[in-house]
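Asker: Okay, here's what each chain looks like letter by letter:
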Amino acid sequence: MRGRVCIQAFEMSVRLWKSGPLRAASLSKAEAAIRPCGSLGLKPGSLGLSSRGAEAPFFHDPSGRPVKMLGTGCPGATIKILMTLLLVSVFAIQGLAQVTFERLLNSGKEPQNWMTYSGDYSGRRFSSLDQINTTNAHALTAKWVFQTGATGKLETSPLVVDGILYATAQDDRAFALDARTGRPIWLYQHQLPGDIRPCCGRVNRGLAILGDKVFLGTLDAHVIALDIKTGNVIWDVIAADYQKGYSFTVAPLAVKNLVVTGVSGGEYGVRGFIDAYDAATGERKWRFYTVPGPGEPGHETWEGDSWKIGGAPAWNTGTYDATTNQIFWPTGNPSPSNRGEGRAGDNLYSNTLLALNADTGKMNWYFQFTKHDEHDWDATQVPVILDAGGKHLIAQANRNGFFYVIDRATGKLISANAYGKTTWSDSKDADGRPIAKKEASPTLEGHTVCPGALGTTNFMAPAFNPQTSLFYVTARDQCDIFSTAPQPYEAGHAYYGSAYFPSEEAEPYRGFLKAIDPATGEIKWKFEHTSPTWSGVLSTAGGLVFTGDAEGNFIALDAAAGKALWHFQMGGAVYAAPIAFAVDGKEYVAIAAGSAVYAFALP
Amino acid sequence: MLLTQQKLRPAALRFEWRALKPHAWVIYLFMLLAATASHADDHNPFAGDPKAAKAGEYEFRINCALCHGLGAHGGGRGPDLTRAQKKHAHSDAELFQVISNGIPGTVMPANGTNGQGVGMTDEEIWQIITYIRSVEVKAPSVSAGSAAHGKELFYGDANCSLCHMVEGRGGRLGPELTAVGGSRTRAAIIDSVRNPSRRLAWGLTEATKEFPQEYETITVVTADGKEIKGVALNEDSFSVQMIDGGEQIYLLDKDKLRSFSKSRESMMPTYNADFLSDKDLDDIVAYLVSVAAK
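Those sequence lines, one after another, are chains Z and U.
Be aware that the first sequence starts at 1, since it is given in my numbering, and climbs by one per residue.
Be aware that the second sequence starts at 1, since it is given in my numbering, and climbs by one per residue.
Don't take each hint at face value.
Said to hold, decoys possible - DEER-style ranges, computed between Cβ atoms:
| hint | chain 1 | residue 1 | chain 2 | residue 2 | range |
| --- | --- | --- | --- | --- | --- |
| 1 | U | L251 | Z | T151 | 23 to 31 Å |
| 2 | Z | G342 | U | E152 | 57 to 65 Å |
| 3 | Z | A344 | U | R172 | 26 to 34 Å |
| 4 | U | D278 | Z | D517 | 55 to 63 Å |
| 5 | Z | A344 | U | D42 | 37 to 45 Å |
| 6 | U | D278 | Z | G152 | 46 to 54 Å |
| 7 | U | K254 | Z | A139 | 15 to 23 Å |
| 8 | U | R198 | Z | G342 | 33 to 41 Å |
| 9 | U | I249 | Z | T151 | 26 to 34 Å |
| 10 | U | G156 | Z | E528 | 38 to 46 Å |
| 11 | Z | G152 | U | K138 | 19 to 27 Å |
| 12 | U | Q241 | Z | D130 | 30 to 38 Å |
| 13 | U | D278 | Z | G304 | 55 to 63 Å |
| 14 | Z | T181 | U | Q241 | 28 to 36 Å |
If you're looking for bench data, these hints aren't it; they were derived computationally from the structure.
Note that beta-carbon positions come from the ideal geometry of N, C-alpha and C, so glycine has one too.
In isolation and in its complexed conformation, chain Z is listed as follows (with noise of 0.2 Å):
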């Protein structure tokens, strides 16, 4: 699929998804419309540079670069200078740079790009655009919506650089778009295997960026470098084996020369680990077992064998904090997720924040939050770097229902205090953690726990406004009643050990978007959502959160007093985090819902 081909009857396919070297085995009926050019191809007259735009169909020119085409049919010799001649001209005005670590490092000097998977390397997704603020968000429109074609749920959070739009759909889709207007510039798809393990859906959290090129996890368990400008294949590497239910759904994390990724598969009894490989070339750097070997510290925490399939993956974006040159990855949960039976112990390093050495991948501290968990809990929330007091501080709000405030120097907790429904505790350890009740063990016969299985939170991004000094995360109350259910090891087999269950005497769920003073720990504002909802949370500079609900709104509140201000009725449930950036001078805010990707601005 590489050499120069065109694309007939394009009405059957808004767009071509381009795929990987291997994808010639298996062609989808868009696809399949595709013929290597020829006089088939060739429609005299209808050549020239037409402005129907949105008919305007992709192909590849010699090099392999796909290139828009404006008009139908096929490329002669004389429309390939003119697009050269187009191209150098879109490209001169683009002025696309490199993406350097310096550039990332420093994004808070270009509030119009979006470069990380929170936005910064502090994880607070705060946008310091103000051009929509309290006083006009009444206002904002949709500008433009962008359909992936995918099903199940969306959970990609874009990038924006020097106005081209970068995200992932289901499937292991990634594609690049006019940040303007949402017309696409390439688009690529990754050929999955049909026996991949996803634990919870085929889906993808977003890319990461560097140099001239975006680095995607796939489901598959690889890691691949595609090119900025073209989405072609630059370097794809096996990070595991899928059949034994390693894959990636994580947007990796870009730091220095490093492409940084955490793996998934806790509900596989993989052994999990965060990994960092050489983004020019995708050599593997170093690779952190978040589940100690034999004769290494936290080892002593697994009984028997268990840690071989011990879990604790890896599969929420980490944030960096250059002045230490420290990463800081959390964890997820011990495996069988549901039944501490056969792994005694504490189970270092599930469900822990660790605070790798960015060069190295070697340990400074750890902290665990659910010792010896028993109810899925991973602790994958993004770890949000802050300051408060004058303290330097990270901040994360646990699946487990617990607010957590550590000192990053450290790694010394600082507080803990419930911020949703929870059954699970009622006292803390020496370090002010809190410990389970041994009643709160999944039994035979089942038992109600709050939170249930998927938390107080789960993957949703949080946001941290510097202006107002709140955290703001997406939350439910539910409770769920656990039983145990042996079940044994079976490589690349679901392995749960236990099933969870609405509780039947429960209130319906309820969800909410909460304002956390981190100082205090306590609860500022809530709104509550009619339904609990999927989605992240993003703070800006304008004095608003936007958060997306179950019910396919995307709404717009006040960051101080948490009153919605504005809502758009966006068709499908959201599961995605939001996003700001500018183009033109002109603020955007955008995010995915149903099976698309929406942006709003000011009219």
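Fit chain U to the known structure of chain Z by using the hints.
Answerer: Relative to the frame of chain Z, chain U by itself:
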């Protein structure tokens, strides 16, 4: 009955056609022939084995109980599987096919297609079938009640049809009940009639809901002072769509209402034994079960 005549491929052989390389056809053909020859999917190797039933109970909890309920007594969406008479499958082989391939047109998914990996092995499916057989109530679950009399009551003196529709006849305020006799146990239906507010619609998560609505009671006062009481058809943070006792639909913006309140106290009256005898209720249940079994 949908799948009884169809010979379907066992789960282990299902894979993506599009990923097939040409030379793999030969291997696939061989596998298909081998599978057909061994009849891997029509004989339960664990039939009657209590150990397999126990393993199956755990697999059932993990894979099936969210919809079919703990103990297989039926949940929100999933039918009560402890009944000897089942709608879509009778023999072990038919059950195997239903579990492997799902039931088209219903929310019953094919094994391995719920976005959670490759699904159960054939062995695990047979264990689950063995478990289901071990908890089946051999006596007919249909009560001794008279379905004919139950139908008379439903559309007559018991006033059920004022709010509930069955097979296209009846009211619109409450849940449509054509299939309820198959999805719930007798005890659950009786409880819903005797204590309608104990639980509104079953199933709190999308995956387990038997109805698209919650049937919460909504009371609003509009800007011009009119009070409307009814059932929510849908709702989000900014608007509500509701239907009242006169089956009038209202489309309302919450910020324009003088008041809005929502309650889980059902609009359905409580049918105690003075109002509806145990015998008459049995007859109504028998009617609902007979309709669902069609």
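Asker: Would you say the C-beta atoms of K254/U and A139/Z sit inside 15 to 23 Å of each other?
Answerer: 21 Å, holds
Asker: In this structure, is the beta-carbon distance linking I249/U and T151/Z contained in 26 to 34 Å?
Answerer: Holds: the Cβ-Cβ distance is about 31 Å, inside 26 to 34 Å.
Asker: Does the Cβ pair R198/U, G342/Z satisfy 33 to 41 Å?
Answerer: 39 Å, holds
Asker: If you check the beta carbons of D278/U and G152/Z, does the distance land in 46 to 54 Å?
Answerer: 47 Å, holds
Asker: Does the hinted range 55 to 63 Å hold for D278/U and G304/Z at CB?
Answerer: 56 Å, holds
Asker: Does 37 to 45 Å hold as the CB distance between A344/Z and D42/U, or does it fail?
Answerer: 43 Å, holds
Asker: That 38 to 46 Å hint for G156/U and E528/Z (C-beta), does it hold up?
Answerer: At 43 Å between Cβs, range holds.
Asker: Just to be sure I understand the hint, the distance between the Cβ atoms of G342/Z and E152/U should be within 57 to 65 Å; is that true here?
Answerer: 59 Å, holds
Asker: Assuming the hint says 26 to 34 Å, is it satisfied by the Cβ distance from A344/Z to R172/U or not?
Answerer: Given about 57 Å between the Cβ atoms, the range is violated.
Asker: Is 19 to 27 Å right for how far apart the beta carbons of G152/Z and K138/U are?
Answerer: Hint violated: Cβ distance 42 Å, outside 19 to 27 Å.
Asker: Could you see if the CB distance from L251/U to T151/Z stays within 23 to 31 Å?
Answerer: 29 Å, holds
Asker: Note whether the CB distance of D278/U and D517/Z lies within 55 to 63 Å or breaks it.
Answerer: Since D278/U and D517/Z have Cβ atoms about 57 Å apart, the given range 55 to 63 Å holds.
Hint violations for this structure: numbers 3, 11, all remaining hints satisfied.
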